[in-house]
Structures are given as C-alpha cells and as structure tokens.
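> If you want the building blocks of each chain, they are given just below.
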Amino acid sequence: MPAVQETIEQVRRIDVDQYKYGFETVIEVDKAPKGLSEDTIRLISAKKDEPEWMLEWRLQAYRRWLTLEEPTWARVEYPKIDFQDIHYYAAPKNHAGPKSLDEVDPELLRVYEKLGIPLKEQEILAGVKKPGHETEADGVLSDLANDNVYKSGRVAVDAVFDSVSVVTTFKDELAKAGVIFCSISEAIREHPELVRKYLGSVVPITDNFYATLNSAVFTDGSFVFVPKGVRCPMELSTYFRINEKDTGQFERTLIIAEEGSYVSYLEGCTAPQRDENQLHAAVVELIALDDAEIKYSTVQNWYPGDAQGKGGIYNFVTKRGDCRGDRSKISWTQVETGSAITWKYPSCILRGDDSRGEFYSIAVSNGYQQVDSGTKMIHLGKNTSSRIISKGIAAGFSQNTYRGQVSAHRKATNARNFTNCDSLLIGNNCGAHTVPYMEAKNATAQFEHEATTSKISEDQKFYVMQRGIPEEEAVALIVNGFVKDVIQELPMEFAVEAQKLIGISLEGSVG
Amino acid sequence: MNMHATILRTPAEAALIEAFAERCSDLPGNESVVIRRDEAMEVLKQGLPTRRVESWHYTDMRRLLSSVPTYDAHGHAEVLAPVLDGSVVLPMLVGAASGAAPALEGVTFRPVRDKLADGSLAQALVPQGDDDAIGALNAAFVRDGWFVDIADGVMVERPIELQNVQGGGQAHVRLPVRVGNGVKATIVERQTGAGAGFVTSVANLVVGDDSDVLYVIVQEQPETATHLGQFNAWIGKNAKLTLFVMNAGGKLVRQEVRVVAKGEGSDFQLRGVNLLAGDTHTDLTMVLDHTVPHTGSRELVRNVVTGKARGVFQGRINVHQIAQKTDAKMACNTLLLSDDAEFSTKPELEIFADDVACGHGATVTEIDRNHLFYLMARGIDEKTARGLLVEAFVASVIEELEDETIVEALEARLHQWFAEHG
Amino acid sequence: MLEIKNLHARIADTGVEIIRGLNLTVKAGEVAAIMGPNGSGKSTLSYILAGREDYEVTEGDVLYNGESVLEMDPAERAAAGIFLAFQYPLEIPGVATMEFLKVALNAQRKARGEEPLKVPELLKRVKEAAGSLDIEMGMLKRPLNVGFSGGEKKRAEILQMKLLQPKLCVLDETDSGLDIDALKIVAEGVNALRSPDRAMVVITHYQRLLEYIVPDTVHVLYRGQVVRSGDKTLASELEANGYAAIVEEAA
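Protein chains in written order, with UniProt numbering: chain W, 1 to 511; chain H, 1 to 422; chain X, 1 to 251.
Hints listed in this document are in silico derivations from the structure and should not be mistaken for laboratory results. Any given hint might turn out to be false.
[Stated by the list, open to error] Just a few of them, taken from the derived set where beta-carbon distance is under 10 angstroms, the chain W residues facing chain X:
1. TYR62
2. PRO227
3. ASN414
4. PHE418
5. VAL464
[Stated by the list, open to error] A few chain W residues that don't get close to chain H, going by computed Cβ distances all over 10 angstroms:
6. ASP30
7. ARG42
8. ASP172
9. GLY178
10. ARG196
11. TYR198
12. GLY200
13. LYS310
14. GLU448
15. GLU450
[Claimed, not checked] Distance condition first, Cα-Cα at most 35 angstroms in a straight line; then the derived DSBU-like pairs of lysine-lysine:
16. W:LYS500 - X:LYS110
17. H:LYS325 - W:LYS455
18. X:LYS110 - H:LYS329
19. H:LYS329 - W:LYS411
20. W:LYS455 - H:LYS45
Note that beta-carbon positions come from the ideal geometry of N, C-alpha and C, so glycine has one too.
Next comes chain W alone, as it looks inside the complex (with noise of 0.2 angstroms):
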C-alpha cells in the first residue's frame, strides 16, 4: 500500500517532535480584549450582527456556566485554565461576513495552500491528483489490497481561521441541490428557523462545563441541512485552524439531515506550535431524522506540545448525535493524534426505532499527551443497534483512556450493541487504560464488549523484518494494520492522510 511507504518515507524526513503544521501566519487581527463577562458575549453577538434571540441564548449559558465547576472525571491532569485570559474573539481584520474566493485576503489563502487544504474551486474542478496511487495498476493493486476505492475528488470546504469562517466553497452548487452550507454565523442571520429549531436541541446549554461555556461564546463553525430526500452530492469539510496567540477556538457546529438524506461531513483541524497551551471546546450537534444518515468523520491533528510536553492544545469537545428519526443512522470515525489533552466523547442518542449508531476511533498519543476519548451510544428506541471499534496506541509518556458508555433504557427493547476496544502500548512509560460503563436496563438487550491491551508481541516483528522490512517501517506495518478496521471507514482522502498521521505521531517511539 503506497500510504505506508510514504509514512515511512515521511518519518524519515522529519526530525523528532516537529510538527509540520506548525507555522503562524502574521495577519492583521481584529480581537477582543482578554476575558469573559457579559460584555464579551455582547461584543461578540454584536460583531456578528446576531438577533436579540441568539444574544439571549448566549447569555443564559453564561449565567449558567457560571454556576458550574471544571469536570474532573477524566483521567487528564492540567494546570487550572484562567477563563480571563483568553481572547474569546479574533478574526482576520476587514472580515465581513462571507467572501467570494476572489475576495479573501491572498495571505488567508496561502495559509490554506501550505495546509494541503484545496479552496480554489477550479482546481478541484479541474481534477485533482487523485492521492495514493501512482499508476492506474497501483490503483488494481490497492483494490487488491482491499483498499477503498477512491470516489470522488470533490469536497466542498468550509474554512474557519480562529475564531471565523473565512470561506465556504461550492456553495451555489450545493444549493442547487438543496443543501445548505455555510458558517453557523451566517445561519444565525439567514436561516434563523432553522437555527432556532434546532440548535441547542441535542446539546442543550445545561449540558456540561466547556458546552456551556461554547454555548456562551460560540464565534464560528458549519451548518448543514440537508433536505428531505436528498444525497448530498459531495462530501462537505470544514477545516479548523488556530493561528492567534492566547485565543481560544469555540466552534460551534450543527448537521440537519431531513428525512431519508444522507450527508458525509470532514473535519480536519491544525494550529501553531508554541508553548502555551490553548483552549478548544467545540460543540457539534447531529440531528437525523426518519431514514437520514450522517457520517462523520474528524482527523485530529491540533498541535500536541513538544517533547518534553510543553505547549499543545487543549481539546475539550462535545460531540452528540440525535438519531431522533426511525431507521436513522449516525456513524462517527475520528481519528486523533493532535492535541495535549483530548477530552472527547462524540456519542448517539438512539431515539428513534431501528436508528444506528456507530463510533469508529484511533487515538494515538506520544510525548507528553493525554487522551480520554471514547463515546456514549444511548439505546431508547426499539430495535436499536450500535457498534464501537476503539483502536488506542500509547507511545512516549503519554496516557490513553477508552472511556465508553453503553446503556439501554427500559423500553429499549431488543438493543443491540458491539464494542471492541484494543490497545497498544509501545515503550514503558506510557499508560493504556479502558474504562467501559455498560448499563442494562432491559431484558432482551445484548451486549457485547471484548478489549485487550498488548503491546505489538516480538514474534510478529521477527516475522515480519525476517522478509526484508527494518525495524520502524515493520512497526508502522503491524501498528497500520492494527487500526485497518476504523481506516477503513474513512473517506479515500482521509484514509491516506491518517495512516500519514499516524506514522507522523508514532515516530522516534522504536527502539
């Protein structure tokens, strides 16, 4: 498979801890001084040009966050974060609202050129290089390989630079077809029916500590709706980036898929590197409705610190999906390998009959990281089913927590649920840990749940440097092959770039 030699190769060139996305760009800035109080909230409804509604709705998380206290369940341990010390809103000076492309300031656009990320929508057109595949027999031979086929080149992008939505691509097109896509902030002003319907409905502002605070000064993120009946004709992203010093990014973003529509959505996310730590806490909500299915998928790559563990992103996201219709299905793939804390349970609530949910995950940690991330998976209705893939690689002196909540209420008769969650440790100074709640409420559910923690066993590597492989390349092999189950659910594109990743966050960990 081209992915893994390229991961190889791509260790090779790089020198410990350096991470490739690391840049800041210098870019004129609009910012709100640092802290947070009402006025910060009406500042930034104001620089949104929001409705009185949306004012309110902010301020009443803050009231309401203001009552709460940091969750200290998880297994991640980090300095107090002072909430007055953040710019709660930077934006690239001049910005109104969304541009056409031609509009966006040329620097913005080399930021997302240097990122690998295509905003140029003649380009896209024009047809991209498909990745991976050298030749068309190398094609033959990834199909061999049992590799997914790549579909399409097209992806429309919604690219979000702190704490705004710079640009969304392809959106007359998409219109065309019914689909909404653009900034939340933007939905606020155009779309508010919508918005108001469902904002809030799957993660209500009560919800927990960072979801209120987001709920409170949300700046940015994606809408989508897809209508009724509708195949969303290809596949949306937004691409996060983090540039300004001491800000923090809360984005907010909200996926409506109307009855029998279907919609596969990218997230993909980068910031600087330096050695403060910066707050991220994210809200995504997920409604599908009768027949919709949303799938999700996310590569994590926020800036995780250096070696000795200083700096990184701090990564507090809540991420829920509402199976509110019968027969819907929301599936979850992510695979994270950024960031110096994750703190990130994307989760279904399986309202509606014979609705689906699925969580597919790879959460790699080096160096200093801290990772507890897992999923809930909620059975209510009937006839309900779910399914958890959690692939966990532990390296350096990092720690690794699966931490999954099963559970089915008392009308949820006949749920079903698998969950498999492997771990594997490399080095000696790292922690793997698996944490599952599995909560039964009902006589005829059935629930599955095996985990293992090992470490990649020296019969194997033998093996498999006995054909010819060195060392680091047969453990970048054994450890692809550990998480082919959740690649495999990623999108052609994303598939490629996450074995990329991977390879990226495992180096200098052999040996």
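Add chains H and X to chain W, keeping to what the hints say.
Chains H and X alone, transformed into the frame defined by chain W:
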C-alpha cells in the same frame, strides 16, 4: 461541591453519627484504636459516597441507604450447620465472637475484641483512601470477629468457616487471617442471619509464599438486610489465591474485593456468582493490583437478575509499571430474566507496563435461543428448559473449583436459590 | 555459502544453553537436511540463522558467504538473502498479504540500492508465483496468515520465498501440518527454486518430506550438536531404525 454549604445529612447519616456517639465508649479498644475510630468517624461525617464518587458510581449510598437500625442488644442468632461438612466453625452471633476458640493443628484462633483491646489491630483500621466508606464504617464500629493464624507449612485438614450470623440491629466484624508460607487451606466466610440488620464485615487475608488458599464468601442475608463487605488480600511469591463469591441475598449489598498480587509468580482467581431477585441492589466491586512482574489473574463473574433487582459489577485491573509479563483476563456475563431487572458493568484496565497480555470481556444477553430450541426439541417444556439453561450458566462458574465436595455444596445452595426464585 | 563454526547459543532470558558447539557447512547449490529428535535444537538453529534476539550466541560464528552475520539484525540478514520459512507463520492482522509482499520486496530492493518494483511487474511476478502454488489471488487480499489454514500458511511462506529470491533458504518443519497433496505442492515449489547458486537448509523431524525434497546431505542434530552427517541414505536409515541408535552412539 460547594465547600461553604452546610451538609444536609440523610436520616441514615444522622443515625450513624448518633449511633457512634452512643456506642463508642462501649466498643473495645485501647487508646490507639479509639484514635482510629474517631478518625474513621471524621471521614463518615463528610457524608456517604454518592454516584459522583467514581468507585460508587452505580451504588449511590447516600440515596440507597435509607435508614440504619439502632444497636439491638436483644437480637437473636444461633450457630448454623456449616456450608462444607466437617468444617471448624467460628461463630459470630449478632456481631460478637461466640464460644471458645476451637482446637485445630497448626492454626491459632483469637477473638478480635482481644486484638482491639491490646491495640494490635489499630493500624489495620486506617481506611484505604477517601472512597473507602466500608473500611471507615467498619473501623468506627467494629466490635469483634475472629483472628486466624495459620503457621508455616501447615496443610489445614478441615475447612474453616467464619460464620457471621446477624440477628437484626447492627453487626460489625473484622476477620484478619494470616496464612504462613507453604500452607494449603480452605476458608469459608459465611454472611447470613434473620433480621433486618446492618452489617459490615472486613476480611484481611495475607497469603504467604508458596501457599494455596481457597476462600469462599457465601452471602445469604435476608431480603431486609444491608450488607457491606470488604475482602482485602495480599498474595506472596508463587502463592495462589482462589476467591469464590456468591451473593444470594440482602436488600442492599456491596461486596468489595481488593487484591494485591505482591509476590512474583503469584496467581489470583476470582469466581463470582450473583443471584439477584426481589427489589434489591447488589454491587460486587473488585480492584486488583499487579505490582510485580510475572503474575497472573483470571476473573469470571456471572450474574442472573430477576424481579426488580439491580446488579453491579465493577472490576479494575491495575498493572503497575514494573509488572511486566502480567497475564490478566476478566469476564463478566449477565442474564437479565425480567423486564424490571437491571445490571451495570464497569470492567476497567489501567495498564502502565508494556509487555503484558490483558483483556476483559463483558456481555449482557438473553438465553441462547439455539440451546433453548435444542432442549425443547428433546421434549422439555420451555419453563423447565429455561431454568436448566440459566442454572447451567452460573453452575459452570462453580464447577471451575476443583474440589468436588465444595462444588456439590455450592451447587446445592444454587439449586435452592433457583427453587425459591426461579 | 553457510559455515557454522563451533556455535554455542543460549536462551537470553533463562541462560539455558541450546546449541553446544555446532559445526555445519552448506555449499552453494546444496540442499542440506537437518534431522533430529524433538528438543535437539533444530528450530533454535533456524532462529539464530535469521537473527532472533531471544537467543544469545556465546561462542563460535555463523559465516554467510565468508562474512559473519551475527551483528546483523533480521531485516539486514533478509536483505542479504537469508530467508526463513517459519514452522508457525505469524498472523499480521489488518495487513493484506499483497500489501505485505510489496512492502517486503521493495524494502529488500531498497536495502540493495535497487529501484522499487513497478506495480505491473510486481503483479506479474506475484501471479506467476501464486499460480504454481495453487494460490488464488483472492487469498492475497486477506490479511497475512489471518484465518489461513495450515496448508495455506505454508504455501504463503513458499510464495514469499519465490518472490524474494533468497540465496540461503532455511525451511523449518515445512512439512508439519500438511496433508500429502499440500506437501507435494510445497515440495514442488521448493524444488523449483533449487539452483547452483542457492543453498537450502531443510529442517525436519520426519523422513517423509525428504522423499519429495531430496537432500544432498543429511545431518543429525542432537543436544545442540551435529552428531552425524551423511548422504540421503542416512535419512532412510533414521526412518528404519529411529534416532535411538545414533543418539546412543553420540552419548
């Protein structure tokens, strides 16, 4: 938690504080024991654990413990026939060691009240951490129990039964057991009685090097009693401890198992059976620490839940950084038999060593339809067939114990439970 | 091609000595059979040749084309042309067999300073090799050795050997777990690789395999030493009389 708010005590919490004020001067113990009791009480004054305390997540004591009975000086209990024929019985009746210490070669027995009086048990009364509510409750109120000391190299001929029979009111016992090196022994801890008692029992078992111990806990409290048990064990080099736990009674039950594999080559086996019926709450919580290289453990817990019963199994395996080559496997399987039955499982792995093979599996299932069909195809009616399969589901755990007389004795109790609740 | 001189080796963990002064020379073009009772050190010898870290060489040397390989890691030895067909091939979950073949082949080519093989060429070679071993392309999509039957695993080993074109092939109990049809296929595969510039060390407990892969020399291993060497008739002798006679002689 708001530090400035005044603590609103539940009736149970208030009753405990009151009981202590009344009873503390009557409880045995020298000065150092009194200090420990007071310290334990200070912990309890912070309130009983709620679901916000991670280790009590599924057993919110503050909510579940609605009342605590007062001491009942007139409670009645009698010595019972032992679970295993031919056992040496050490009775504790309404919380007090009863009768003279029996004679058994190589084994010394002493009432715990003596060891409280001379202070030799004071150190053991320190609770293990902030969340050790059972340890603290027991330390504050412990009145008696039996101390068992088995000398090096002794093959104990007869099983020893520590028989705790409550008769309503409160009963707080402690069971320190020291097993020397190269010992073979079978010990039964029996928890039973007839009243709506409030019982705490803490067993501390030290297993010496090269020893082989089978420890059986049979908890058959009436459906009105609260039973809070704790079993602590430390396993020496190349020693083997097999712990069998059967919970088949009680209104509110929590049995904690805390084991430290502290000698290289040691082996721990847990076999648990929870038979839960009525409107009851039963929690089996295990914490196992592998602290040295080359140790092994297997845990198999099976639960049958019917009526309005709620069950909990929490099992945490901690593998310390130096504990390379640990081989630890845990499994928890549950059958829910009624619409109102509930079971929650939390099997945890905390792993800090890389060269290990650890795993856990947990299932909640219905009876296998194929098996049911097969039996019915042989002419067995559905009810009988179900009964057979459910009983077989838990009997297989008991059958893993090698000693046939023990297997038979436990299966008889299992059978009896199914006759009453099946 | 292979020269083992007074080799002593022990298990690194326990210090138990397994190989105790073993001498063996195998020339290019030669097929040498190593026979011996269980526990005589046959598999250990194969692991030491391939460079497994669990064994520690305390004395003596292993020369391959006149140079010691003891300081080389397994991948370096493989790139130099030493191939071990495992008695129990390992399962590598998630890594498709085809993908593995490509990575292994190109890693070896890279180590030798050669260009990676173009995909059409690779496919062509794999198809050829697979066909003669009765391996269907569908099997190559499956993760390496995962869920393979005993026969499939052994055929996959020979497939790798054919593709990688090693100079020194060590076959460890390749006949174990094979029925007679599978054994014939595997033996044909091995025989097809016999060539004047390639040496083979065939480790086996039974004479059966040697009816299909006829050796040039036969060496009896006992307690970590070669206690007797001869031609192929020695194998028949062992089959008829068992190891006891030779073992007594050695003791």
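> For each hint, tell me whether it holds in the structure or not.
Hints versus structure:
Taking 10 angstroms as the C-beta cut-off, the interface hint given for W:TYR62 is violated, the closest approach to chain X being about 47 angstroms. With 10 angstroms as the threshold, the beta carbon of W:PRO227 stays out of range of chain X, its nearest partner Cβ sitting at about 39 angstroms, so the hint is violated. Checking W:ASN414 against chain X: minimum C-beta separation of about 30 angstroms lies over 10 angstroms; hint violated. The beta carbon of W:PHE418 is not positioned within 10 angstroms of any beta carbon in chain X (closest approach about 17 angstroms), and the interface hint is therefore violated.
Here the hint on W:VAL464 is kept, as its CB sits about 7 angstroms from the closest CB of chain X, short of 10 angstroms. The beta carbon of W:ASP30 sits about 39 angstroms from the closest Cβ of chain H, which is more than 10 angstroms, so the claim that it is off the interface holds. Under the 10 angstroms C-beta cut-off, the non-interface status given to W:ARG42 relative to chain H holds; the minimum distance is some 29 angstroms. Every CB of chain H is more than 10 angstroms from the CB of W:ASP172 (nearest about 51 angstroms), matching its label as outside the interface.
Distance to chain H confirms W:GLY178 as a non-interface residue, since its nearest Cβ pair spans about 43 angstroms, more than 10 angstroms. Annotated as non-interface, W:ARG196 keeps its C-beta farther than 10 angstroms from every C-beta of chain H; the closest such distance is 34 angstroms. At roughly 31 angstroms, the least C-beta separation between W:TYR198 and chain H is larger than 10 angstroms, which holds for a residue marked as non-interface. Interface exclusion of W:GLY200 from chain H stands, the closest Cβ pair being 25 angstroms apart, more than 10 angstroms.
Listed as outside the interface, W:LYS310 is consistent with that label: its C-beta sits roughly 23 angstroms from the nearest C-beta of chain H, beyond the 10 angstroms cut-off. At roughly 5 angstroms, the least C-beta separation between W:GLU448 and chain H is not larger than 10 angstroms, which violates its mark as non-interface. Its beta-carbon lying about 5 angstroms from the closest one in chain H, W:GLU450 breaks the requirement of being farther than 10 angstroms from that chain. A threshold of 35 angstroms between alpha carbons decides the hint, and for W:LYS500 with X:LYS110 the separation of about 20 angstroms falls inside it, so the pair holds.
Restraint check: the Cα-Cα separation between H:LYS325 and W:LYS455 comes to about 11 angstroms, which is no more than 35 angstroms; the hinted pair holds. Between X:LYS110 and H:LYS329 the alpha-carbon distance is near 43 angstroms, which puts this suggested pair outside the 35 angstroms criterion. In summary, the hint linking H:LYS329 to W:LYS411 is supported, as the alpha carbons are separated by about 33 angstroms, within the 35 angstroms threshold. A C-alpha spacing of about 45 angstroms is found between W:LYS455 and H:LYS45, which places the hinted pair above 35 angstroms, so the restraint is violated.
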